[in-house]
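Visitor: Each chain, written out:
2 protein chains.
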Amino acid sequence: MSDVKTTTIAIDAMGGDFGPEVTLAGAAITLERRPDTRFVLFGDETAIEKVLDGHPALRKASVVHHCEMSIAMDAKPSQALRQGRQRSSMWKAIEAVKTGEAQVSVSAGNTGALMAMAKFCLRTMAEIERPAIAAIWPTLRGESIVLDVGATIGADAQQLIDFSMMGGAMARALFGLERPTVGLLNIGVEEVKGQDEVREAGRLLKESNLEHIQYHGFVEGDDLGKGTVDVVVTEGFTGNVALKTAEGTAKQIGAYLREAMSRTILAKLGYILAKGAFDRLRDKMDPRKVNGGVFLGLNGIVIKSHGGADAEGFAAALDLAHAMARHELMDKIAADLQSFHDRMGSEPTRQEAESGSASA
Amino acid sequence: MSDVKTTTIAIDAMGGDFGPEVTLAGAAITLERRPDTRFVLFGDETAIEKVLDGHPALRKASVVHHCEMSIAMDAKPSQALRQGRQRSSMWKAIEAVKTGEAQVSVSAGNTGALMAMAKFCLRTMAEIERPAIAAIWPTLRGESIVLDVGATIGADAQQLIDFSMMGGAMARALFGLERPTVGLLNIGVEEVKGQDEVREAGRLLKESNLEHIQYHGFVEGDDLGKGTVDVVVTEGFTGNVALKTAEGTAKQIGAYLREAMSRTILAKLGYILAKGAFDRLRDKMDPRKVNGGVFLGLNGIVIKSHGGADAEGFAAALDLAHAMARHELMDKIAADLQSFHDRMGSEPTRQEAESGSASA
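As given, the protein sequences belong to chains H and U, one line each in that order. Count along the first sequence from 1, add 910, and you get the number used in the working numbering. Count along the second sequence from 1, add 910, and you get the number used in the working numbering.
Quick caveat, the hints were computed from the structure, so don't treat them as lab data. Just to be clear, a hint being listed does not mean it is correct.
Copies of one chain are not kept apart here, so a pair can be met inside one copy or by any two copies together.
As the list claims (entries may be wrong) - When the alpha-carbon atoms are kept at most 27 Å apart in a straight line, the in silico DSS-like pairs for lysine-lysine are as follows:
no., residue 1, residue 2
1, K1161, K960
2, K1029, K1194
3, K960, K1136
4, K1178, K1136
5, K1103, K986
6, K986, K1116
7, K1185, K1242
8, K1161, K1103
9, K970, K1185
10, K1178, K1194
11, K1029, K1185
12, K1185, K1103
13, K1161, K915
14, K1008, K915
15, K970, K1242
16, K1136, K1199
17, K1116, K1161
18, K1136, K970
19, K1103, K1029
20, K1116, K970
21, K1103, K970
22, K1194, K1242
23, K1136, K1194
24, K1185, K1008
25, K1242, K1199
26, K1116, K1008
27, K915, K960
All values derive from a computational prediction rather than experimental measurement.
Start from the sequences and build out the full structure, keeping to the hints where you can.
Guide: Printed below as a string of structure tokens:
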């Protein structure tokens, strides 16, 4: 490797429905687009080397670490942790972030196991109680960040504020914004609406007037597609349902469209003429383009790719990993948390309050 | 009016963004489609009579009751109740269901005020703790019912079961199904996933093996568009977010499609040729077709139309009201609740348990 500043991504090569075949093909795509990337590949050495035979450039940019086992896609988190700790490709890829061998880790393995291992290996940040998974959401204005999309069910006001800051930091890193707008997902925009936790978080965000995020207020489900704000914050149950509902609706409309366009000869002819436009539309709706859930709140970045992603999809998750590492997401999150606590001034942090040792 | 069995709908003629102009035009459309409908119109008599001048057939099928006031679209529920009880067009239209003058009541007025008045006037059914709003959801298989989409935030296991039975009864009334399938919205289909309340409700629904509904298990956000089950049950916060997220996604894709089709000459030509297909698609995605949230769990049926609905949209809500009344929704709900409590056998109902007077 040269002296030029590189970005190193650890990959759980065995993760996902297809294993090295797809994860390494994805890495090869990302390497072509971002030649400064280096990879540390974890998994069955024989299987990996066999696939690398077809990707000579990737082989040059990669280090391979053999792992004796990989985590099954249907393994329970507790079981995965018990059996796969210290030795599975999933664990080892996460650990590479802890040891500093890589700046970010990517796996298409099962979400529950990945989150359990990431929490166990990297631990949550001192100021953060619970991690979140952030998703990139395509909108009419471009892209937004939505979190939490399923790491934890329920969130109190302080956790929603933590999510706001972490999502804000990610928007700064990914979109290059100075002070991204943040909205709390609710069932109405009036201040009296919604869950107590959401209203309390709204009040605190408004009062604290943070340096790095601009609190917009409440947003509703239809604001997600509009892109009303850069970051939409909610707890994991609602966020997960919203994400899957949007994916489902997009597929549903795609099916309607295909059905309509194949129904008459005129429609078929129209389709052929407008094929460029339809391709553009398909491209825009392509879920592979926004593949990658970012685990936030841990001492290191882990990215989860869809298990069923193909090479192009997995490459999107690697591109995202590259951006997160390149723009120093971890530093930005730490700075935002610091800023929040400075601003809240004499109020003790939760941990201080709990241990009874508040200091100004 | 003749001796033929008619369906009578009470209308808050003043509700919605446009008032009598739209609500009465909607009634005229429904009357044409369903000539057995009769209307009781509540609101400013002068304004109503003026619009009726343009709809002679509707005038013949209607009775007008003058009301001195109407509820503002932005009125707070408590304020609406204080000022509008006994005298507003919204209240009077609901009261017509209580007195038996109408079988069902429809308003495009504000949701919070309508729910507050409906609860106050009709009261919740003896076995039901909290009402729900049910929405019709277009799916790839046809239509499903989703509830609660915003009446109450949070729901315990028993409330989710109540929602299952009420939604099931509505599916029997509306879709003519013998034993509709019911799914609980969750963030995974495995039994260990999700909120405690959802898992507990799932366990009880499975055990009780109800006569009138077929419990399917957990469903996820993307099952909504697929139409995996006839009835999807969730608490009001998540349901509201899911509904608005789907609406937002549909609009977003519509915008992408318009943009793509107007971008090049070929695309425009293709659009012209395939116009029939596009019209079909627009028709399929037309939110006006599925307008109408049904309030369930009260001693009478109240239907909420979108405030911004046009005449065609308001007519869809009236058509829905007609179907609900025609197929004796209230009787079906009562039968389902009875069946559930019979089946649960010696277990006391919540009310009995609370009052300490359990009887088998």
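Visitor: Can you name, in rising order, the numbers of the hints this structure does not satisfy?
Guide: The structure conflicts with hints 1, 2, 3, 7, 9, 11, 12, 13, 15, 17, 18, 20, 21, 22, 24, 26, 27, although it agrees with all the remaining ones.
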